[in-house]
Amino acid sequence: MNLFSPLLLRAGLRYLMHHRWQGLLALSGIALGVAVVLAVDLANSGARAAFELSVQQLQGKATHRLAVPGDLLPDEVYINLKRQPGAPPMAPVVSDWVRIKGAPGRYQLVGFDLFAEAPFRGQIAERLTAPAFISDWLTDAGGLLPGAAATRALRLVAGDRLDIVYRDQPTTLQVLQANTQQDSSGDNVLLVDIATAKTILDMQGQLSYVDLILDPDSEHWIRQHIPPGVELQTVAEQAQGVTRLSAAFELNLTAMSLLAMLVGMFLVFNAMTFSLVQRRSLFGRLRAIGVTPRELFTLILLEAVMMAMLGTLLGMLIGVWLGKGLTRLVAATVSDLYYTVSVSALQLDGTSLMFAAVLGVLATLLATLVPAWQAARTPPLTTLSRTALEQAARRGIPLWAVFGLLLLLAGLLLALVLPGGVIMSFAGLFSLVLGAAMMTPLMIRLLHRLLTTVALPGIWRMGVRDLDRHLSRLGIAVAALMVALSASVGVGVMVESMRGSVHTWLTELLCADLYVAAQGFDEGARLPETFLQEVSGLETVAAISRYRERTLPLHGRHVELIGAHLAAPSRRGFALLSSTASAWQDFDNGAVLLSEPLAYRLGLVPGASLQLPTAEGPLNVQVAAVFRDYASEHGRIFLDETVYRRYWPDQGLNTLALFARNGEVASMRRELGELAAHTALVLTPAAAILEESMAVFDRTFRVTEVLRAVSLVVAFIGVLSALMALQLERGKEYAVLRALGLTRVQLVGLISGESLLMGLLAACVAIPTGVLMAWVLIQSVQQRAFGWTMPFSVDTGLLLQTLLVGLLAAGLAAIYPAWRSASRNPAPQLRED
Amino acid sequence: MALREPQPGTATEGRLIVRKLLLLLALLLLACDAELPPNTPAVRVDQVMGAEPDPGFTRALEARPFRFPQDYGAHPEYATEWWYLTGNLQTQKGHRFGYQFTLFRVALRPGEPLQDSAWRTRQIYMGHLAISDVAAARHYSAERLSRAAAGLAGARATPFEVWLGPWSMRADSGLFPMKVSAENGDIGLSLQLLAGNKPIVLQGDRGLSRKSATPGNASYYYSFTRLPTRGELHIGDRVYSVQGDSWLDREWSSSALDSDQAGWDWFALQLEDGRDLMYYQLRTRQGGMHAFSRGTLVEKDGSVRTLLPEQVKLTPLRHWQAEGNTRYPVSWRLQVPEQGLDLEVQALLDDQLMDHSVQYWEGAVEVSGSHRGRGYLELSGYAGSP
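The listed protein sequences correspond, in order, to chains U and R. Sequential numbering of the first sequence, starting at 1, is according to my numbering. Sequential numbering of the second sequence, starting at 834, is according to my numbering.
Only chain R is shown next, with the shape it has when bound in the complex (with noise of 0.2 Å):
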């Protein structure tokens, strides 16, 4: 999951992702212009978020089955999409880094385009680049911006490859081992993703991701939680061998959040014990957990256990303050008292900021407390909030 829901205080708010990515990549244009405040987009998507979701798009209502090769591909019937990769990476010598590649499907309008030109389309392709160096306390990061036409971008399910221009994740059968490799300027990754000994983990309810009581606010969603990595990252002149593990999130929908909700706070952590953790805070305007709020645990040997808000507690324990007076908790107490988790989940950099044509907190993280491990943490509707 990303993104970042906007300002709090509107009642219509916090509806439609595909509305506002839609927007944000106008107001991207305006990123380049100096003259205007940083602050402009935030405003300007309040003004489109009262729109309804488009009655065209299919949603995601029950359960379903999943077919492979099929469903690595995209679902353009919804409204939007990604292909979410998150990993920790290290030097043999011990140079941490976290990397985040996500592309992102977003249809403009239901239904097939016009006919009339090979360019013409109704899906446009945003991808996300960044790599954090944690020894240098750096965090870099980078978007793109793409019609899904002419061969400019798009996604294809065999043999796979979803890629934006050079930016691509591919594979030559399956969808393992995968090839990821992305560059912008200063920074570049070229990674190979082998499967790991991990099956895929569907979401929710058989991979039907509710995100609230209203039906269709809800995402099919599945997950490849430790995949073994290894390949090069650059940055500037330097070239880094390096390995870890990495994490991979399907998701797709036409609408996922209610307007009582207001964002959310997502964990993906790798235990050193082999179990692998995931679980999103839905957030509500209040301030309190959401009672759609869920997560799942997946054991060493791939079994899977969903948690409900009852069973976790979550509590910041520090805040990190960004420009423009946004605060996101970049240091969690995760307990998980039935399993005997006791987690401190802290950001190995602070600012790990994405504030792109979408503005989120999306890094990698230390795991200590009752288990060692690794993960990603993703903060999101925290902008505009004090």
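Next up, chain U with everything else stripped away, as it sits in the complex (with noise of 0.2 Å):
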């Protein structure tokens, strides 16, 4: 750089200020864009990190843990190792799922033994050393220790009563003392004295676990110590199964702040573009006065680093104010869905601030690099004719269609052709959109070069040729807000088809004509044994299916194992994908079925054997068959009741299916009730859990609903800017066509008018690109992720809206630019000239 440098980066300056709006569309461009990765990764992290948070303080510093896979520890394996010299620290705990009278969710009631605590939760014990509650706690029946998310839910304080139900059991216990701390937001633990949580979880006599901390050598030495059926698990392998209960659900959030991202990298890349080429003459008259291209090129890049930093400062701001209102939404979904999460302040991620000022700053270079270059490289003076601008903008666009074409195959080789994980089926996604909106310029002109042989009024006609005369400038906004729609259909048509195939599973899964569980059957409740008996005398009742079930550990994951009685009309309800000749036999002589996403994990067919764990060993079993399920991500096996039996003969009954004879539904359901008038039950039709489950789902897409909104907001924002920008440049065009006799109502027209020929064409190619989106996200991510499978279907009621949300868009982000430009006055404007 020479002396010339600082008078050239004022006369960068000088033009931006001269011309505030544009600086602030550019600025806003990349604000926004930054602000919307931000609030969904703070959003996104915020509800993690207070579940790992919870997650962390229940395991404390322990490194391994001591369990019985599948079932129970005996306190005895505990008690032994605990009196032989040598041992390292150990801690026993008892916890399970309990729920709080009146209050919604589920939380988590641990017992510990404070005097094994010191060396493990450090922080939780803490609280229990405030002197007058020791004794309370270790003495009292009752003595609880609410976590932060039950004392701010219930707003509880020392002394409050508070009545919670284990399987149907209620327990009152006593607050000993509120937790007020802020810091431990995920805390959705009630944490009484082990001997207190033995007693409300019926567990005398048992552990959940111990939890231990080793180093080599006593590891070692456990391993020598411990009898056989017990297990020593290392915690990352225990984090992994409670982990992996939220992944669906993250995962759904990472695809939309990624695609989020897409769109704001689209809405930097747009602003400074559009910057640059408005300011083509300014530089065509730089380069004639002696400016090096150089120099150009340098004044440049420093302009978009300043506007890159500021925008970028701004973009976080608001970035941390959105990210407020949707960690909130998305803690609320999880809360709702896993867990209970209360996400109390904005978890300040440093990497997600770290990762939106990158994005920010590198995507407006890499935006600005293009224009830059191109724009220091044109001669002098032939820069201040347009025509040449959009004529060479015009030559690109074949280009650019080939290169995107190209990007576009590649995404799909990688998604759906290639082996590889879910990271790749995100890049094939990514490339395919990326590639078909460098294709949308061309597919704009196509679709225009139709909409010109239709003969349309004269307006109109100005209108249709105009649009395509600013395609070098328009043609980035439409390509975002192309994305934003396209994105908006992909989740669409995914979260539809996803929608109408759960529907399909379930209503053929839920052929019964009522279903019977204990009341408190989510915490485990089981049904009376007598009760069987009683049921299978009623006249009514033509067959009955049983279900026992429990959670297995099986590679990594925590799986439902299910014992049951099926009879045939609940036989016909499984859809088996795919299975050996004769399945229901083999499933008889103790075969099991597996679900989809077990063996696809597993990698599991029909005819091959599968190991479990049991307290005896593990258990060789075939696979019958394979089944479609969307009931866990996890997995489910379906194994003969008398053989289930065999292994976990403790394992109570927990649900029935009744179908009843000759439809006679009402008068079962009267003797039922009758039966079940002197026991807690909860009679259930299956249009009630078809109804049920399904508002679940939709409770699972609510969050993902509102990121759609916000991507499309974003969009809308991206389109205005462009808008505004064109309409502020053109100011004197209007003016010379008001002059010429254009009226107000006319000159709205024209405006409003192209704009929404943008949203139309954006949707226009949006539409297909979005049902590819769908496409891959269902053959590929939602495989490779869960290991299920559905039909693909198009909703054509989503299709139509799109159009009109794009349409809308560019509807709204038309009625300020025109409002202006038609208010004004055209004869000061022409004096100027």
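If you're looking for bench data, these hints aren't it; they were derived computationally from the structure. C-beta atoms are modelled at their ideal positions from N, C-alpha and C, and glycine is treated no differently. Hints should not be assumed to be uniformly reliable.
Which stretches of chain R does chain U cover? Using the computed rule of at least three CB atoms under 8 Å from a CB of chain U, they are [stated by the list, open to error]:
| # | stretch |
| --- | --- |
| 1 | 933 to 947 |
| 2 | 974 to 980 |
| 3 | 1101 to 1111 |
| 4 | 1128 to 1140 |
A few chain R residues that face chain U, going by a derived Cβ cut-off under 10 Å, partial list only [as the list claims (entries may be wrong)]:
| # | residue |
| --- | --- |
| 5 | Ser950 |
| 6 | Ala951 |
| 7 | Trp952 |
| 8 | Arg953 |
| 9 | Thr954 |
| 10 | Ile957 |
| 11 | Tyr958 |
| 12 | Ala983 |
| 13 | Gly984 |
| 14 | Leu985 |
| 15 | Ala986 |
| 16 | Arg989 |
Given two chains presented individually in distinct reference frames, assemble the corresponding complex, making use of the accompanying hints.
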């Protein structure tokens, strides 16, 4: 750089000062892009951090865990170890999920032995150290320390009584101390003494697990001292099972965050390109007075850096604000579905901030490079001609399109053909979207050609042709709108497809007339054994299916194992995707039915064999069939009841499915109602379960809906900013038009018509792109992430909706520019020339 | 006797060992949290010292006949109790060690616990283990805590056993020979204690040891003053075959100290002439010797003579300053003119501080002067005082 540069820089800044609107629009483009990415990222990491924190708080400093796979650990194992010299630090834990009467969500009741806790959970134990509580805590049957989430949700203070419900058994606990700590945000734990927990959870003589802190020596020691059947797991192995719980949800959010990022990048790109394209004439003049291309290039980059930093900073502020709301929403959904988390304050995650900052600056610079290079390279004064510019942009269109097509094809190849994980699927998805975005100008031109052939009234024709003229400026805005719309279509079609298949699957599966479960079923409440005999004796009952379930650790995840006696109609409800020749016969002989996700993950096909951990060592079973299942991404295994009871004899009956004789559902229900009068039972018709399940499904995707809306809003702002800039620039042109006799109404019509056309074109390109995205999401992302497949179905209503949204966004974006241009008096503008 | 008293300055402190212990159990949890200043417990102790002893606990009001083996075991109706072993041991080559192994029982509340779970209890056990390696000038110590339930800790009279996890004192019949074993990380001991020639010593008035004029501020207290001991100590990778003599104190009470008492200095000395001397000086807040200070001199033949404060003169000779400015008198002149005793009692190591839930100084001492001997010295109630 030579001495000339400060002057140049001033020229650049002067321009921006003079065209304040343009500077602001470019800035807002950058800011919004950064804001959306940051907000989604913050919400995502906020919910995750809250969850991880509660997991960590519970794990404390433990490195390993002793447990009996699929069962509880006898007290003696712990006590015997504890009495051996040389035993490493150990802490027994008794825990399960409970509900609080009059409050939504589930809470984890955790029983600790205070005396074993010191090396493990200092933070939790610390709360117990207030002097007055210790005696109460240890000696009272109901001493409770609620976690932060419960404290906040129920506005607890010391001395409050809390009715908790476990397996339909209520217990009253007394709050010894309210936890007002702000940092333990994900703390949905109800802490009680281990004796209290054992009583409430009916686990006398048994422990959930024992936490350990082991080094290699003591690990060796433990392995030598544990009895057979007891397993030593690392905490990492353990945590895997826990965190997988929310994988489906997280993936959803991540996908949306990445799509938002893409939209954001387009916005930045759009803003920067626009600001440069508009200044072509200024650059031409600068070149004419002797500014070298290098100087010009440096000038533009320097300006971009300043814009980038300012915009990014602004974006981060907005992002944090936006993130607050989103975090609350995400936390609410997570609480609804998985575990109660309360996010009290926004977790300002350093990585998220860093990521957003880097993205903002990098995307801006990246977006500036090409136009800066172009601007610097152009010979003096030719730049003054806009026609030349538009022509150059036009010439580039086919090239971009070819490049885009290649990207699109590469994306499809990556996601659908080549093997790989979810990351590869996402990479493919992005390549696809990017490719489609690059093809957008060409597509628009083709569509545009089509439109010009249609006979339109004069003023409309003018708008149509006009749009083509401004393609270099508007192309990117249209592409951004296209990306947002296509993401909306893609995710929408995926959700709809999934909803449809879940509905079909449930309708087939829930073929019984009535389902009977003990109250508090989701906490593991069991049906009394005598009840089964009574029900079997009913005349109206034609057939009964029985179900006993438990979770089983299998390859690092917790799968559901169901011991079932399946009546013939229940069997018909299974959608078998693949099976052995005599699947049901094999099932009766002890083979298992595997859910699709589990079979996909373990790579098992019918006929293959599988090892299930039992208290008596591994049990080898054959796979009879693989069935369609969306109930659990971790997987479900159905095993014949007789085999099941041999290995888990203590497991009570959880659910009955009843089929009425001759369709006498009502009378069967009445008879059952009389039977159930003295037992706490829940009788549910299949339709009610279906309804409830679909409601849960819809709740899961509520956040997705919001994120879809957010990305649309961003795209809308993108279009608005592009339009604004364009209309501002064309003020003189409009003045000429007005002077030539165009009325205000006509001018408004022209501007909004152009805008609507833009929306329409964007939507037209977005719809096929979105459908393609949905295809990739279902065929690649869903299967690789969860292991389930689903039929692909496109809802035309959704596509129409997208079209309308595109038009609406564009229409709304046109209102202000149109009003502004129309309300201006053309005379002064003309005089300025 | 053991246990430190808190800082002077509050009128109510010094009352309830139970409450304090219980609180300190909890504070132990804090100890592992590096962020907290080390003197936090002492500050907090004061907050609960005002509480009156729970009237539900039985109190030591009058002398009672001891019944054995029952009285080897626990007395849960009293608030606190301990099995207190100290001893001087040496290898054949003359490598000297001191050891302390104590199991404390603490009742959180009087009465029977709820019967809802095998893990429910009102009793807690705390263990202290210390080994002084005189030649290496190192003092090692450890603490352990547990609820007395589900078999994790407890006491039983027949066959005798007191245990806290892997730490235990036990015998096949009666009390001796007693097998003692405890370990913690780098240190451990495995000893056998024989009955020896000395009979049981009932301290105070037939075993009722009154600590102040207030009725009930007393304990039941008996001792075995000279128990031939042999076994193994290990420190790090080294194992030492050792022998020597131990001293067992058994004491239980519900309330021991009065408000004007600040702490005590306790001597347990085994003289070479076969006599054993126990003396505790209860210190008043003003620093003087409280009138209820007591001692016993056990003759070689086992006959016992009570020592009153006017018969004994105690003079601190030298202080050792622990971290936090607490000064412990680790060297003393102990005179009993009537018995011709003019003893100089010196710590084998200055730093034999037990800095756990409860801070006190407990260490092996060498006796010289008119008579030679060995013993243990306990200094409590100094922490926090200048």
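Evaluation of the provided hints:
no. : hint         : result
1   : 933 to 947   : holds (count 4)
2   : 974 to 980   : holds (count 3)
3   : 1101 to 1111 : violated (count 0)
4   : 1128 to 1140 : violated (count 0)
5   : Ser950       : holds, 4 Å
6   : Ala951       : holds, 7 Å
7   : Trp952       : holds, 4 Å
8   : Arg953       : holds, 4 Å
9   : Thr954       : holds, 7 Å
10  : Ile957       : holds, 7 Å
11  : Tyr958       : holds, 9 Å
12  : Ala983       : holds, 6 Å
13  : Gly984       : holds, 5 Å
14  : Leu985       : holds, 6 Å
15  : Ala986       : holds, 9 Å
16  : Arg989       : violated, 14 Å
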